[in-house]
Amino acid sequence: MPLSIRPWGFLTDKLNTRWGRYRPWLLWFAIPFGFAVYLMFITPDMAYMAKLAWAYGTYILMTLVYTAITIPYISMIGVITSDPVERLSANGYRFVMTKIAAFLVTIVVPMLAVWLGQGNKALGYQFSMGLMGAMGALLFIFCFLTTRERSEPEITSLSVGKQFKYLLRNDQWIILGVVILLLMCGYVIRGSVAAYYAKYYLNGGDSLISPFLTTGVVASILAMIATTWITKFWDKIKMFRYTQIITFILSALMYFSVGRENLVLAFAFYFLINFFCDMQMPVFWSSIAEAVDYGEKKTGLRVSGLAFGGILFFQKFGMGIAGGILGFLLSHFGYQADVEQSARSLTGIALMMTLIPALFHLAVGLLMKKYLINNEYYRDIQLALAQKQA
Numbered sequence: 369m370p371l372s373i374r375p376w377g378f379l380t381d382k383l384n385t386r387w388g389r390y391r392p393w394l395l396w397f398a399i400p401f402g403f404a405v406y407l408m409f410i411t412p413d414m415a416y417m418a419k420l421a422w423a424y425g426t427y428i429l430m431t432l433v434y435t436a437i438t439i440p441y442i443s444m445i446g447v448i449t450s451d452p453v454e455r456l457s458a459n460g461y462r463f464v465m466t467k468i469a470a471f472l473v474t475i476v477v478p479m480l481a482v483w484l485g486q487g488n489k490a491l492g493y494q495f496s497m498g499l500m501g502a503m504g505a506l507l508f509i510f511c512f513l514t515t516r517e518r519s520e521p522e523i524t525s526l527s528v529g530k531q532f533k534y535l536l537r538n539d540q541w542i543i544l545g546v547v548i549l550l551l552m553c554g555y556v557i558r559g560s561v562a563a564y565y566a567k568y569y570l571n572g573g574d575s576l577i578s579p580f581l582t583t584g585v586v587a588s589i590l591a592m593i594a595t596t597w598i599t600k601f602w603d604k605i606k607m608f609r610y611t612q613i614i615t616f617i618l619s620a621l622m623y624f625s626v627g628r629e630n631l632v633l634a635f636a637f638y639f640l641i642n643f644f645c646d647m648q649m650p651v652f653w654s655s656i657a658e659a660v661d662y663g664e665k666k667t668g669l670r671v672s673g674l675a676f677g678g679i680l681f682f683q684k685f686g687m688g689i690a691g692g693i694l695g696f697l698l699s700h701f702g703y704q705a706d707v708e709q710s711a712r713s714l715t716g717i718a719l720m721m722t723l724i725p726a727l728f729h730l731a732v733g734l735l736m737k738k739y740l741i742n743n744e745y746y747r748d749i750q751l752a753l754a755q756k757q758a
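Going by the working numbering, the first residue of the sequence shown is number 369, and it counts up by one from there.
Be aware that one or more of the hints could be misleading.
What the hints assert, rightly or not - Distance condition first, Cα-Cα at most 25 Å in a straight line; then the derived DSS-like pairs of lysine-lysine:
1. 738 - 665
2. 666 - 567
3. 600 - 684
4. 737 - 684
5. 737 - 530
6. 666 - 738
7. 756 - 665
8. 606 - 665
9. 533 - 419
10. 606 - 530
11. 606 - 756
12. 684 - 738
13. 600 - 756
14. 600 - 533
These are computed hints drawn from the structure, not numbers from a lab.
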């Protein structure tokens with residue numbers, strides 16, 4: 369995916385239509401997105417190598433289509449409103465719905481697969497994901513029909529290489545890029561071992577996995593709602609910074625205080641960690657548009673699509689790094705699936721659930737001290753840009 373991000377970000381900065389710069393992409397790629405989701409879950413009756421080629425091909429297609437529709441989608445926050453409070457609120461609603469959708473899909477899709485497959489699991493998932501793809505396509509079209517781009521930034525004529533050079537001069541955007549990389553490292557490592565923690569460390573077996581993970585999802589949803597309210601009274605960047613430091617402290621406390629029999633304490637800590645950790649989400653994704661405006665003020669050139677695409681690159685890169693770290697740590701601690709875990713393996717699972725991701729969140733909390741664009745500073749940026757355009 370990272371290699372596909374740069375051209376799409378560049379193209380969105382070059383396009384302008386009667387529907388705006390970003391909205392048309394939602395219409396053009398909604399149906400291809402739905403088909404790409406469906407094709408990924410088809411298993412053709414072919415030889416093994418042909419099936420492998422099909423799997424790689426459909427995955428690459430899905431990656432390209434997903435990138436083509438996602439970059440304009442997240443970039444729209446910068447043009448549907450210029451009010452930082454409204455941007456944060458919109459992102460809050462966005463992530464509440466994202467968490468609810470992910471939770472419902474996790475529950476509904478396996479049930480649909482059993483019902484539709486009638487004993488054929490592969491066919492059941494094919495039909496189920498076909499329905500999910502169709503719903504996704506319809507929702508993208510709904511988003512296209514019900515939104516408007518209210519600001520029209522100047523379209524740049526510079527090449528992608530020159531835009532990239534200007535983007536690298538935007539120190540606040542670079543900070544956001546490193547922040548999302550670090551956040552994804554923490555998220556992926558903790559999220560990937562949460563099920564192992566419930567099953568093995570807490571000795572709850574498979575039956576404990578679902579309620580444990582559900583606790584985290586509920587905490588995340590409540591965090592999105594709380595952020596929109598708290599930032600009305602508290603500087604959003606300070607909130608971002610301190611919630612990540614609180615996440616570090618809670619994670620350390622969880623490691624040292626939760627034993628294998630402390631189910632209630634484990635659930636409580638997992639809830640609190642997810643709550644404070646995820647409070648940054650609406651702030652982070654609304655901050656990208658503000659960093660774009662900061663870059664325009666600093667360099668004289670607006671680079672929007674490439675900026676949002678670049679953040680996605682950092683995000684995917686962070687996920688890749690986390691995946692590598694996770695694989696190394698699981699091997700290092702001697703984890704083996706579906707067997708009784710050794711004391712060393714259980715210690716490793718506890719560390720990957722708490723202290724190891726905590727270090728990434730601490731780094732984010734410290735790094736965000738360098739991030740300058742709070743609401744007051746952003747109003748100064750808007751005033752300077754308005755005077756420039758007058």
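For a C-alpha distance cap of 25 Å, please report whether residue 600 and residue 684 respect it.
violated, 31 Å
Does residue 665 sit within 25 Å of residue 738, going by the straight-line distance between their CA atoms?
Holds, at roughly 18 Å.
Please work out if residue 666 and residue 567 have their alpha carbons no farther apart than 25 Å.
violated, 51 Å
Hint check: residue 737 vs residue 684, CA-CA at most 25 Å. Holds or violated?
Given that 25 Å is the threshold and the Cα spacing comes to 24 Å, the pair holds.
Under the criterion that the straight-line Cα-Cα distance not exceed 25 Å, is the pair residue 533, residue 419 satisfied?
Not satisfied, since the Cα-Cα distance of roughly 42 Å exceeds 25 Å.
Quickly compare the C-alpha distance for residue 606 and residue 756 to 25 Å and report which way the hint goes.
Answer violated: residue 606 to residue 756 is near 30 Å, above 25 Å.
Given the proposed pairing of residue 684 with residue 738, does the C-alpha separation stay at or below 25 Å?
Holds: residue 684 and residue 738 sit about 23 Å apart, inside 25 Å.
So if I understand the rule, the pair passes when the alpha-carbon distance is 25 Å or less; does residue 600 with residue 533 pass?
violated, 36 Å
Going straight from one Cα to the other, do residue 737 and residue 530 come out at no more than 25 Å?
Status violated; Cα separation ~29 Å.
Agreement of residue 606 and residue 530 with the hint, judged by alpha carbon distance not exceeding 25 Å:
Outside the cut-off at roughly 34 Å; violated.
Given the hint that residue 666 pairs with residue 738, does the C-alpha gap stay at or below 25 Å?
Given pair residue 666, residue 738 holds - Cα atoms ~17 Å apart, limit 25 Å.
Holds or violated: are the alpha carbons of residue 756 and residue 665 at most 25 Å from each other?
Cα-Cα ~9 Å, so holds.
Of the hints listed earlier, those the structure fails to meet are numbers 2, 3, 5, 9, 10, 11, 13 and 14, in rising order.
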